[in-house]
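Protein sequence lines, in the order shown, are assigned to chains Y and D.
Be aware that the first sequence starts at 1, since it is given in our numbering, and climbs by one per residue.
Be aware that the second sequence starts at 255, since it is given in our numbering, and climbs by one per residue.
Among these hints, one or two may not hold up.
With the Cβ distance kept under 10 Å, some of the chain D side facing chain Y (calculated, not the full set) [unchecked claim]:
#1 Y381
#2 E507
#3 E650
#4 V662
In case anyone wonders, no lab produced these hints; they're calculated from the structure.
Just so it is clear, CB atoms sit at the ideal spot from N, CA and C, and this is done for glycine as well.
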Amino acid sequence: MIRLEGLSKRFGELWAVRDVDLHVRPGEVFGFLGPNGAGKTTTMKIMVGLISPTSGRVTVGGVDVLAEPIRAKQAIGYIPDRPYLYEKLSAEEFLFFVAGLYGGRRAERAARADELLELFGLRDWRAELIESFSHGMKQRLTMAAALLHRPQLLVVDEPMVGLDPRGAKLVKTLFRRMGAQAGGTVFLSTHTLEVAEELCDRVAILNEGRIVALGSMDEIRAQVGDQGAGRLQELFMRLTGGDEPDRGADEIEL
Amino acid sequence: MSQSLRELALLLGPKFRGLFRLFGRGELRHPLRLLFFAALAGLFIWAIYAGSAWFLHYVMQVELVGALIPRKLMSLVLLILISILLVSTTISSFSVFFLSDDLGLLMSAPVPIGSLYYARFVEMVGYSSWMVLLFGLPVFLAFGKVYAAGPGYYLALAGLFPALILIPGALGSIIAALLTRLFSARRSRDLIVILVVLGFVLLYLLIRAMKPERLLDGDSFGTMMEFLDMFRAPESSFLPTQWMTDFLFPLLEGRHPHSWLPALGVWGTAAAGVAISGWVGTPLYRAAYDRAQQGRIRAADRPGRGRLLGRWLDRCGVGLTGTLLAKELRLFMRDTNQWLQLVLLGALAAVYVLNFAYLRLAEFSWFVLYTVNHVMLGLVLAGVAVRFVFPAVSLEGRAWWIVRSAPVSLSAFLHAKLLIHLVPLALMGLGLSMLSCWIIGVPLAFGAFSAALVLSLSLSVSAMGVGIGALFPRFTVENPAKIPTGIGGVSFMIASMSYVLVFLLASVYPTMVLYRLPQRSVVHPGWLASSVGVMVVLAVLGPWVPMALGLRKLGRRED
Numbered sequence: 001m002i003r004l005e006g007l008s009k010r011f012g013e014l015w016a017v018r019d020v021d022l023h024v025r026p027g028e029v030f031g032f033l034g035p036n037g038a039g040k041t042t043t044m045k046i047m048v049g050l051i052s053p054t055s056g057r058v059t060v061g062g063v064d065v066l067a068e069p070i071r072a073k074q075a076i077g078y079i080p081d082r083p084y085l086y087e088k089l090s091a092e093e094f095l096f097f098v099a100g101l102y103g104g105r106r107a108e109r110a111a112r113a114d115e116l117l118e119l120f121g122l123r124d125w126r127a128e129l130i131e132s133f134s135h136g137m138k139q140r141l142t143m144a145a146a147l148l149h150r151p152q153l154l155v156v157d158e159p160m161v162g163l164d165p166r167g168a169k170l171v172k173t174l175f176r177r178m179g180a181q182a183g184g185t186v187f188l189s190t191h192t193l194e195v196a197e198e199l200c201d202r203v204a205i206l207n208e209g210r211i212v213a214l215g216s217m218d219e220i221r222a223q224v225g226d227q228g229a230g231r232l233q234e235l236f237m238r239l240t241g242g243d244e245p246d247r248g249a250d251e252i253e254l
Numbered sequence: 255m256s257q258s259l260r261e262l263a264l265l266l267g268p269k270f271r272g273l274f275r276l277f278g279r280g281e282l283r284h285p286l287r288l289l290f291f292a293a294l295a296g297l298f299i300w301a302i303y304a305g306s307a308w309f310l311h312y313v314m315q316v317e318l319v320g321a322l323i324p325r326k327l328m329s330l331v332l333l334i335l336i337s338i339l340l341v342s343t344t345i346s347s348f349s350v351f352f353l354s355d356d357l358g359l360l361m362s363a364p365v366p367i368g369s370l371y372y373a374r375f376v377e378m379v380g381y382s383s384w385m386v387l388l389f390g391l392p393v394f395l396a397f398g399k400v401y402a403a404g405p406g407y408y409l410a411l412a413g414l415f416p417a418l419i420l421i422p423g424a425l426g427s428i429i430a431a432l433l434t435r436l437f438s439a440r441r442s443r444d445l446i447v448i449l450v451v452l453g454f455v456l457l458y459l460l461i462r463a464m465k466p467e468r469l470l471d472g473d474s475f476g477t478m479m480e481f482l483d484m485f486r487a488p489e490s491s492f493l494p495t496q497w498m499t500d501f502l503f504p505l506l507e508g509r510h511p512h513s514w515l516p517a518l519g520v521w522g523t524a525a526a527g528v529a530i531s532g533w534v535g536t537p538l539y540r541a542a543y544d545r546a547q548q549g550r551i552r553a554a555d556r557p558g559r560g561r562l563l564g565r566w567l568d569r570c571g572v573g574l575t576g577t578l579l580a581k582e583l584r585l586f587m588r589d590t591n592q593w594l595q596l597v598l599l600g601a602l603a604a605v606y607v608l609n610f611a612y613l614r615l616a617e618f619s620w621f622v623l624y625t626v627n628h629v630m631l632g633l634v635l636a637g638v639a640v641r642f643v644f645p646a647v648s649l650e651g652r653a654w655w656i657v658r659s660a661p662v663s664l665s666a667f668l669h670a671k672l673l674i675h676l677v678p679l680a681l682m683g684l685g686l687s688m689l690s691c692w693i694i695g696v697p698l699a700f701g702a703f704s705a706a707l708v709l710s711l712s713l714s715v716s717a718m719g720v721g722i723g724a725l726f727p728r729f730t731v732e733n734p735a736k737i738p739t740g741i742g743g744v745s746f747m748i749a750s751m752s753y754v755l756v757f758l759l760a761s762v763y764p765t766m767v768l769y770r771l772p773q774r775s776v777v778h779p780g781w782l783a784s785s786v787g788v789m790v791v792l793a794v795l796g797p798w799v800p801m802a803l804g805l806r807k808l809g810r811r812e813d
């Protein structure tokens with residue numbers, strides 16, 4: 001579904017992403033992990049056509065994102081980490097606007113918008129202006145908008161930020177169903193390692209713009225050479241050079 | 255340093271550092287850009303100074319009353335300044351005291367509410383008065399020059415001006431604090447903005463009806479009293495502006511003031527105002543801030559501005575342009591700062607048309623008025639476009655990612671934006687052109703020629719607005735009125751006004767040919783062909799070049 005080939009991105013002197021090669025299969029829920037500033041968001045923005053790579057290639061469903069952005073974007077639903085929306089639109093108007101950008105018949109759009117507002121618990125808020133929404137509500141509305149055109153690939157940057165436990169459970173169920181039943185692909189970045197462990201078929205760990213580990217949990221444990229390392233958090237710390245994060249926390253006076 | 259002063263300095267520190275960084279890392283970091291803006295500001299200040307000095311010289315030469323007018327003028331200018339400051343400080347008070355993003359952090363910190371209130375007061379006064387001060391002071395410097403005043407006048411000016419700023423600042427903050435007892439801060443601010451705009455429109459129309467151009471012709475006044483009435487300002491011994499005039503004027507004429515009482519009165523009022531502001535505002539601050547946070551606005555409770563039209567457009571489902579249009583209409587109609595501009599625009603249109611009625615009565619030839627009309631119309635189109643068309647791309651704001659990640663080509667997006675903004679601009683231009691042609695009484699062929707010129711200018715100016723707006727997008731600026739205030743807006747104004755003047759210059763010969771057609775005058779085919787050629791080239795390149803440049807730049811943006 002997604003193929004990244006020799007993908008690199010440089011901002012001035014800084015290489016945010018360097019020589020990333022990755023293949024994500026249809027039906028997979030794929031986790032993209034890494035510390036802050038590792039290059040996750042940059043990679044995802046290149047995948048959805050928000051920024052161009054310095055070198056390399058991205059294809060989605062066999063379509064080159066750089067060469068045929070319009071065709072590629074038809075297949076993608078994108079949920080960014082910060083849900084900046086048009087604050088003076090109501091939830092329903094916003095969904096209609098997004099549906100208009102993706103095309104399709106009006107009656108179909110209205111029915112789909114209705115269904116998604118219900119699913120994300122926003123039906124009672126459909127006529128409210130977005131400016132009155134909490135962060136979590138905006139996040140849920142962004143998710144509804146991303147699913148509006150039934151994308152084959154969902155690219156999600158930090159899906160759980162701002163969601164209450166009920167919203168988080170709903171999202172997990174949706175992602176699992178999207179991969180298992182609908183044959184769609186979910187590519188998500190997260191700092192919540194439990195979410196990755198629970199949801200993802202495979203994960204890639206990114207550090208300083210490069211992939212330092214790739215595979216299922218068992219495969220990564222094998223790569224690290226420590227079959228005994230039980231939890232992803234320990235593996236993550238070892239792979240990203242953050243073995244002793246608690247030292248300062250132990251010493252500082254509180 | 256006392257504890258309160260230390261707290262005040264601590265709270266204001268980040269604001270000052272942010273201000274200095276504007277030059278170091280912000281939009282003005284490039285020396286050339288800084289030089290350009292400094293030169294532009296300097297030019298404005300010099301123009302105000304020179305214009306005021308010329309006008310003072312002029313009125314002082316009026317027989318018998320010449321010596322009386324400057325004093326009345328000073329009082330009037332002070333009153334206008336203090337009124338502008340009062341409006342500006344009241345509107346800023348809502349934003350600075352109640353709606354700033356950093357208030358959450360500060361309110362939760364163990365900062366005494368009084369220190370926070372006064373820190374916000376200083377910020378609000380500085381924020382809302384620097385521009386008035388910068389462009390108001392040259393008028394008083396012109397007084398000093400014309401009267402060849404000594405250092406005493408300038409020292410008194412420097413001593414009294416801070417008090418002049420503090421008085422409306424205190425009053426504005428008190429009004430804001432009291433209004434937030436009744437409405438939320440956002441609603442109060444909207445209410446004040448609506449009242450101010452309506453008041454401004456009314457004042458503008460009243461001044462226009464007084465025909466101020468008569469000042470340039472002393473003979474046009476029936477009596478001396480009528481002439482003096484033009485300078486009538488509310489004079490009252492209770493007004494600080496009157497006290498300030500009473501103190502400054504003797505110094506201007508090289509005499510000592512009769513007493514220090516007027517100066518003490520001005521400073522006493524300022525000090526009392528600041529104290530009362532704190533006394534009234536501090537106890538209300540916490541509750542008013544809480545009220546401002548209760549921003550749960552039910553759309554159903556709001557007026558249906560943009561709702562019906564948007565729904566109709568949703569039903570029509572007319573592709574990308576319709577989708578964007580429905581969104582833009584809704585956002586425009588729900589932003590008080592935006593739709594209120596239409597009221598101002600309506601007043602501008604009325605004054606524009608009225609001007610031609612006055613000028614027609616002044617017995618100018620219709621051909622002169624017809625030519626002037628095109629120059630004025632071109633400049634009006636550029637002026638309206640900088641406020642409404644130039645911000646078109648930037649108004650996507652931080653939600654820009656939505657359009658960027660959707661399967662929509664940037665070219666289609668920019669052309670949809672162009673179409674959405676071209677139609678109203680062209681309709682306004684056509685309306686003004688047809689109305690003024692009718693008032694001037696031009697022949698039908700000239701009316702048709704005028705319509706063609708205006709349509710072509712509207713297309714080019716709109717494309718320049720969208721294109722240059724895409725070249726210099728400001729997605730993080732939240733107030734639409736501030737979008738054109740950067741380098742992009744200035745570039746657009748220079749480009750569009752130059753384009754309008756060159757295009758109209760090229761149209762002069764063809765218009766002359768049309769005018770002389772009945773007299774069968776000699777036509778130089780070479781001149782005609784080159785003029786028409788230049789017009790055609792400009793009509794094609796005018797819209798095309800900025801759109802292409804904007805498209806390229808927007809495509810390369812990385813956010």
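Going through the hints against the structure:
Because the smallest distance between the Cβ of D:Y381 and any Cβ of chain Y comes to about 23 Å, over 10 Å, the interface hint for this residue is violated. Restraint check, D:E507 versus chain Y: the minimum CB separation of about 56 Å is more than 10 Å; hint violated. For D:E650, the suggested interface contact is upheld, since its CB lies about 8 Å from the closest CB of chain Y, less than 10 Å. Taking 10 Å as the C-beta cut-off, the interface hint given for D:V662 holds, the closest approach to chain Y being about 6 Å.
Violated hints, listed in ascending order, are 1 and 2; each of the other numbered hints is respected by the structure.
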